[in-house]
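*Asks:* Next come the chains, spelled out residue by residue.
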Amino acid sequence: DPKIIQKPKYLVAVTGSEKILICEQYLGHNAMYWYRQSAKKPLEFMFSYSYQKLMDNQTASSRFQPQSSKKNHLDLQITALKPDDSATYFCASSQDTGGYEQYFGPGTRLTVL
Amino acid sequence: GDQVEQSPSALSLHEGTGSALRCNFTTTMRAVQWFRKNSRGSLINLFYLASGTKENGRLKSAFDSKERYSTLHIRDAQLEDSGTYFCAAGTGGYKVVFGSGTRLLVSP
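Heads up: the sequence lines are chains A and B, in that order.
When we follow our numbering, the leftmost residue of the first sequence carries the number 1, and every step to the right adds one.
When we follow our numbering, the leftmost residue of the second sequence carries the number 1001, and every step to the right adds one.
It is possible that part of the hints are untrue.
One-sided and incomplete, this derived list gives chain B residues near chain A with beta-carbon spacing under 8 Å [unchecked claim]:
no., residue
1, Tyr1048
2, Ser1051
3, Phe1098
4, Gly1099
5, Gly1101
Okay, derived cross-link-like pairs now, DSBU-like style, lysine-lysine, Cα gap no bigger than 30 Å in a straight line [unchecked claim]:
no., chain 1, residue 1, chain 2, residue 2
6, A, Lys3, B, Lys1037
7, B, Lys1054, A, Lys9
8, B, Lys1054, A, Lys41
9, A, Lys70, B, Lys1037
10, B, Lys1037, A, Lys7
11, B, Lys1060, A, Lys7
12, A, Lys71, A, Lys53
13, B, Lys1037, A, Lys19
14, B, Lys1066, A, Lys41
15, A, Lys41, B, Lys1060
16, A, Lys19, A, Lys7
17, A, Lys3, B, Lys1066
18, A, Lys3, B, Lys1060
No lab work stands behind these hints: they were computed from the structure.
Note that beta-carbon positions come from the ideal geometry of N, C-alpha and C, so glycine has one too.
This is chain B alone, in the form it adopts within the complex:
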């Protein structure tokens, strides 16, 4: 079936630094979403992309359907950015397939 490979599985950053998360897809996806799971376990919508890039504050995401990947860049990381980040992608049907998540820890 459709697979989403998310990396890295865990990431540690110091405040003020940045990094990128990546999801690779085994098939052509129509759209991708990025979420953060907060401390209460709720999934917070970060981005929805059908193509190109989007930016929101210190977060920026890109999606390349043809090359089968999406990225989430975090810059100037803050303590409150800590949490688990998920990508999820769909082929335009009735479901999305989730990646395994990236556990981000931002330390002082």
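Isolated chain A (complex conformation):
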């Protein structure tokens, strides 16, 4: 059974619209993260949460807003979508922050037209 679920797997959006990427982890972890991989670039860290609190934000744009309704959920809301937002977005989790091993979900591939 998958331990980290991301929904949807594929997402197509029009410029200017808003989408929410879903992430749920069933590993009992306290820390969750979002990463992004654009074409031909390494995975880039976006956010980290610990016990539902934001710990680090490396995203320059306020159009990206994480939402944590439960400890094992960390959704990503993206507003005013742009073509440059096209990427695969990976959710990850670890036991805690501070250097623990991270486990990644299968990713959501977002295409903005």
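Since the structure of chain A is provided, determine the placement of chain B on it from the hints.
*Replies:* Leaving out everything else, chain B in the frame of chain A:
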């Protein structure tokens, strides 16, 4: 910022042979992870090291925090080893930094 330089970017091996992938770090990292991206795009955890070496089957990884590098050795390569391998390292804070990946192709 923290950088991870991964090499080679691409590697071709014949079945039964071996080679090594390497990641160099521009700062002292606390731990390193190695992943393989499978055909469905999922990241499969291979190793997590805070120091020393670990071995799992035909794979072996080493991490030297002081010398700022990590390696992943593959021996007796098999067709199913083909894929993209990534290292990722962190300073013990809230994130890890990924290398650019090594695309491995194993041929008969």
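*Asks:* Next step is simple, just say for each hint if it's right about the structure.
*Replies:* Hint check results:
1. Tyr1048: For B:Tyr1048, the interface hint holds, since the closest Cβ of chain A sits about 4 Å away, which is under 8 Å.
2. Ser1051: 12 Å, violated
3. Phe1098: 4 Å, holds
4. Gly1099: At about 6 Å, which falls below the 8 Å cut-off, the nearest Cβ of chain A leaves the hint on B:Gly1099 intact, so it holds.
5. Gly1101: With a minimum Cβ separation of about 7 Å from chain A (threshold 8 Å), the hint on B:Gly1101 holds.
6. A:Lys3 <-> B:Lys1037: Since the Cα atoms of A:Lys3 and B:Lys1037 sit roughly 17 Å apart, the hinted pair holds (cutoff 30 Å).
7. B:Lys1054 <-> A:Lys9: Violated. B:Lys1054 to A:Lys9 sits at ~33 Å, over the 30 Å cutoff.
8. B:Lys1054 <-> A:Lys41: Given pair B:Lys1054, A:Lys41 holds - Cα atoms ~28 Å apart, limit 30 Å.
9. A:Lys70 <-> B:Lys1037: Holds: A:Lys70 and B:Lys1037 sit about 29 Å apart, inside 30 Å.
10. B:Lys1037 <-> A:Lys7: 19 Å, holds
11. B:Lys1060 <-> A:Lys7: Status violated; Cα separation ~34 Å.
12. A:Lys71 <-> A:Lys53: 9 Å, holds
13. B:Lys1037 <-> A:Lys19: Holds. B:Lys1037 to A:Lys19 sits at ~26 Å (cutoff 30 Å).
14. B:Lys1066 <-> A:Lys41: It holds: about 27 Å lies between the C-alpha atoms, which stays within 30 Å.
15. A:Lys41 <-> B:Lys1060: Given pair A:Lys41, B:Lys1060 holds - Cα atoms ~26 Å apart, limit 30 Å.
16. A:Lys19 <-> A:Lys7: 11 Å, holds
17. A:Lys3 <-> B:Lys1066: 34 Å, violated
18. A:Lys3 <-> B:Lys1060: Holds, because 26 Å separates the two Cα atoms, which is no more than 30 Å.
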